[in-house]
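Since chain A is already given, all that's left is putting chains B and C on it; use the hints.
Going down the list, the sequences are from chains A, B and C.
Mapped onto the UniProt record's numbering, the consecutive letters of the first sequence carry residue numbers 1 to 366.
Mapped onto the UniProt record's numbering, the consecutive letters of the second sequence carry residue numbers 1 to 504.
Mapped onto the UniProt record's numbering, the consecutive letters of the third sequence carry residue numbers 1 to 309.
If you're looking for bench data, these hints aren't it; they were derived computationally from the structure.
Quick caveat: nothing in here was measured; it's all calculated off a predicted structure.
Take these hints with a grain of salt, some might be off.
Now the in silico label distances, taken between C-beta atoms and shown as ranges [stated by the list, open to error]:
1. Gln330/B x Tyr219/A: 21 to 29 Å
2. Asn110/C x Gly195/A: 40 to 48 Å
3. Ile284/C x Lys310/B: 40 to 48 Å
4. Thr178/A x Asn110/C: 43 to 51 Å
5. Thr220/A x Asn444/B: 32 to 40 Å
6. Phe269/C x Lys176/A: 20 to 28 Å
7. Val32/A x Asp398/B: 32 to 40 Å
8. Asp189/B x Ala180/C: 28 to 36 Å
9. Ala222/A x Leu62/C: 56 to 64 Å
Ideal placement from N, C-alpha and C gives every residue a C-beta, glycine not left out.
These are the residues of each chain, in order.
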Amino acid sequence: MSIGTIQIEKKHTVPLKNKILNPIVFVLIGLVFSSVLIIAVGFNPIAVYSKMLSYSFLNLRGINGSIKAGLPLMLCGLSVSIAFKMNLNNIGAEGQYAMGAILGGAFALFGPELPMPLRIMVMFLLCAVGGGLWAVIAAALKAFWNVNETIVTLMQNYIALLFLDYLCYGPWMAKKQTTAISEAIPKEMYLPNIGNSGISTGILVALGIAILLYIFLKYTTAGYQIEVIRNSRRSAEYAGINVKKYILIVLTISGAIAGLAGFVQITGIVHRVQAQLPGGSGYTGIVIAYLSRFNPIAVIIVSILLGGLENSCAAVQLMGVPSQIATMLQGSIMISVIAGEFFNHYKVSFNRNTMISQNKTEGVAQ
Amino acid sequence: MEKTILLEMKGITKRFGKTLANDNVNLRLYKGEIHALLGENGAGKSTLMNILLGIYKPNSGEIFYKGKKVSIKSPKDAAELGIGMVHQHFELIPTLSVAENIFLSMGRGDFILNRAKMEETIRRFSDKFGLAVDPGAKVWQLSVGEQQRVEIMKLLCRDCEIMILDEPSAVLTPQESREMFKTLRKMADDGKTVIFISHKMNEVMEHSDRITVLKGGRVEDEMPAGDATVERLTKAVVGSRTLSKTVRKTTKENAHVLLEVEHLHVRNDKGLDALKDVSFSLRSGEIFAIAGVAGNGQRELAEALAGLRKVASGKIMMNRRDITKMNAKQRISMGISFIPEDRLKMGLIPGMNMKQNAILKKFREPEFSRFGFLRSKPIKAVTERFIETHDIKNGGMDLPVSMMSGGNQQKLLVAREIHCEPALVIAAYPVRGLDIGAAEAINNILMEQRNRGACVLLISEELDEIFEMSDRVAVLCDGKLMGIRNTSETDYEEIGRLMSGEPA
Amino acid sequence: MTAFITSICAAAIVYAVSILYAAIGEIFSQRAGIMNLGIEGIMLMGAVSGFLTVYNTNNLVLAFLAVILVGAVLGLVFAFLTVTLGADQTVCGMAFLIFGSGLSGFIGKNVTGIASAVKFEKINIPFLSDIPVVGDIFFKQDLLVYLMYLIVPLSIFYIYRTRPGMILRALGENPAALDAAGINVFALRYAYVIFGCAMTAISGACISLSYTNFWNEGMTGGKGWIAFSLVAFSGWNPAGAALGALLFGAISIIGINMQIYLPGIPSQFYSMLPYIATVVALIISTGSFRRKHTEEPAALCQKYDREAR
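Only chain A is shown next, with the shape it has when bound in the complex (with noise of 0.2 Å):
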């Protein structure tokens, strides 16, 4: 098709390089555009950025912040990654990470005494079982009642929020405490940092779980069938696919995911439950999903990256600059990044001799 003399044609594949480029140079694009944005505000955005970059990024402890800040981010972005991987909105990772909470801490602050490694390991099912548990409510509702699961996931993320927010205000809130947060969990779960490096143990949780999600999707035959399923229905039920199957199973493992992050804040980062545990993770998981294209390796990158962002806003703030830069740069590459994504799958060339063309054949033709 064509729009005056601009053609447009659709690609039928995109090779790796183009992928990769693609949101990376769209990512500088959506940076250029903030920086008009703190240009406006008053700031010097090269100064900014370089801040940010130094703070996060360019010395151990940044580094170490970084890491920490993204361990829940990566399991969020794993959660939505699979889930979106079968074209399933699963917008309710902040509401699966929330009750992945609720149902861990409740064990780790009044459940049994068992021995370590035991106790933690229960924590670690319970966490995942409560975001899996209530991540299946919205499958079942789309795999038998064909209910849309974008509304209902998030839905429920506010009906989690509010009960966790019940929880820490009321029956678990520490004594001797004024804010919604609950009595620390016993010392012996925290979750401990390998070796002297102040980068907690909950990153190899993540990265397993990335490196398992990496494995299944790409060489299973369970995989294989997620992938039949995404690009066409009809063509799963002609091979004889289970199609509501898939829907429980693949949105059930989202939600455990995204319980874990639960897991892995509670027992790798805050040592206690509090409202608002999870803190808009949920969401920014699904700007990490659709940036890292759903792979389970990027994901990690991209949230490690996120994460120093938003940690990076501290360093700022004390030139001024709100620190709600972080969440606007978030917002601008992602929008970027969207529009972006459009080049990826057209391909868009300009014909300056369309018209010219078209009567030189006209004349032969007579």
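Then chains B and C, alone, in the frame of chain A:
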């Protein structure tokens, strides 16, 4: 009765690339007549009507309206001339009411919807032509017959003078059909020109004033309805080729009965009966063809046998085992293969590569997977084998299948379906849209399967192909099985008659 | 007692109006086939733009115009991404949510917590406001509320009783049929998305220019999501949205107040009710077990690709 010529098409020729869809077609339409356009699929009826509707421009030829030469360059021009069409697939918005759908189709209109005025207009036409429609009803609540009446009403409200209906009785019960033709007659008596496209000879003879038969893009015959006989029409539609020389192994005596279908009732997506009390049996080592114009239940039959569509009642037995309740996955493992008519929407996944498509049915087999993991070497090997055996031209095994040509895509599909020596191959329009070379290759493959001892259920519209390939042929018309014959004992005329609804 | 009920009802109306602008805007957008998950972000942008304008100019009219402009520009970009470029609507919505939240906090940093000199004050309509009870509830409100009294019936009339409204209803169901009839599907979608976002921005302004007269980061506090849920809850119908908004408003106000009377039930459970209600309503109105046709626009969230026809 003295009738005036309203519209005349002279020497219309239309080419699409190398295909000649209409070849020097002349069509004369009188005011106040019902004109039937008869012919097989691909005969050029739709193309001709699309030219009249301004959707296509003819390569050569002229159109005269009331004696004056006109040029129909767009649907707007056609609408101005009062030409309108009711398609087979209705263009109605289900959540809007009947009146609103009609409003919508009328192009210009008042800003504020004047329900009363519209209802009054609708009622006027309703009474005049006997078209019972409830203006306030929402379209999704209506039956198919009622929806068709809304479509007709749309044309009436636009003051169409030339009304084209594409296979109008295809979606109606016999009762509704009769009512519909009564309405058409009333419209003709009122001075409108009605064209209806059909493949059913009896209805064409009973309800039209004049008949034009198209075959291969050309006007094969043209006559007043009074002069039409079944013989004359059949000869025009299918020609009179009788037996053709066939190179087939002799049919075995006492062949093993593979599949028995008993009193099958299957519904289509709209909930209507697509198959009515169909019974037949299939034997190993034969090609059994299902002839008939598409839309008479073939799709539903294929899907029911493949396990993709539930059966309303009846039984399917394979090797004496009741498989009626088995799902697609189980039937695949029982050795039932299915080459669907929707190559790119069902049979293959255009976005995935050759290897991934090659294992679409068999990825669960130990040959291709172990402990839930895909085995890449055997998958690559089998894809290479397909490519070599069937000479499938491709740009690379890792490139998406959408980049292959239609013929090569079909070769891949067929190669996959006959892999692992299935007992039954259901092939729906396997060579449709393919060039001669690819078509021949596919047909050879199917013949090889038959010779190997499998049963091939071939669904086709081409009598040439059917007579050349199959051992037995059955005809589906309106969801009913009209008759089963050995191809060596029948001819085009008999099959043609059965296809058009003549009782056996 | 009457005074208590009256004040609850009046407060419910204020709450309801603040989400109705966004809800009705989104109803138009979704009926055209485009789902915008970024409502909360756009609301925040509307709130901050309105407040900044008022803070700098003390002019409410200018502020209102600024709000509409900001919403329209955001809508234009969203429409470009989803309609012309065909990007995934869910992902775009998330991007706008995050961008809107971030940008609003970013530009509003300097005016956080500062009260503006003007805001939309309550105006008593002569005569009508003297009617006992009814007058106190309905006719002692501010201009934004009165405007909504007009918008609700106008939207209902537009959607169900005019020709363009009928085309809108068809747009979300079967854009291909409209395209075939020569109607410019793309232009219409642009128009409705822009309208929807402008309305959403006004919702934000309700909070920073009427309900309160200052700006705080994230001050919409999730109202955007309630507005979103209203769209599905109401069956994509402005009348249903108005009733639903009043219902949600009443529940919310009662919830806050009930703490005094029924301390046993925590306020969070009242706050959960709108979300639970939406899920239930969604199941009932769109679940496939229904034999009735679903209210959800059939083409919602699907990009319209002419080539694919």
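Hint check:
For Gln330/B paired with Tyr219/A, a C-beta distance near 26 Å keeps the hint of 21 to 29 Å intact. Judged by the Cβ atoms, the range 40 to 48 Å given for Asn110/C and Gly195/A holds: they are separated by roughly 45 Å. The beta-carbon spacing between Ile284/C and Lys310/B, approximately 26 Å, falls outside the hinted interval of 40 to 48 Å. The given range of 43 to 51 Å is broken by Thr178/A and Asn110/C, whose C-beta atoms sit roughly 30 Å from each other.
Between Thr220/A and Asn444/B the C-beta distance comes to about 37 Å, which sits within the given range of 32 to 40 Å. Taking 20 to 28 Å as the suggested C-beta distance range, the pair Phe269/C and Lys176/A conforms, at roughly 26 Å. Range check, Val32/A to Asp398/B: about 36 Å between beta-carbon atoms, so the 32 to 40 Å window is met. As the Cβ distance of Asp189/B to Ala180/C is approximately 31 Å, the hint placing it in 28 to 36 Å holds.
For the pair Ala222/A and Leu62/C, the beta carbons lie near 59 Å from each other, so the given range of 56 to 64 Å is met.
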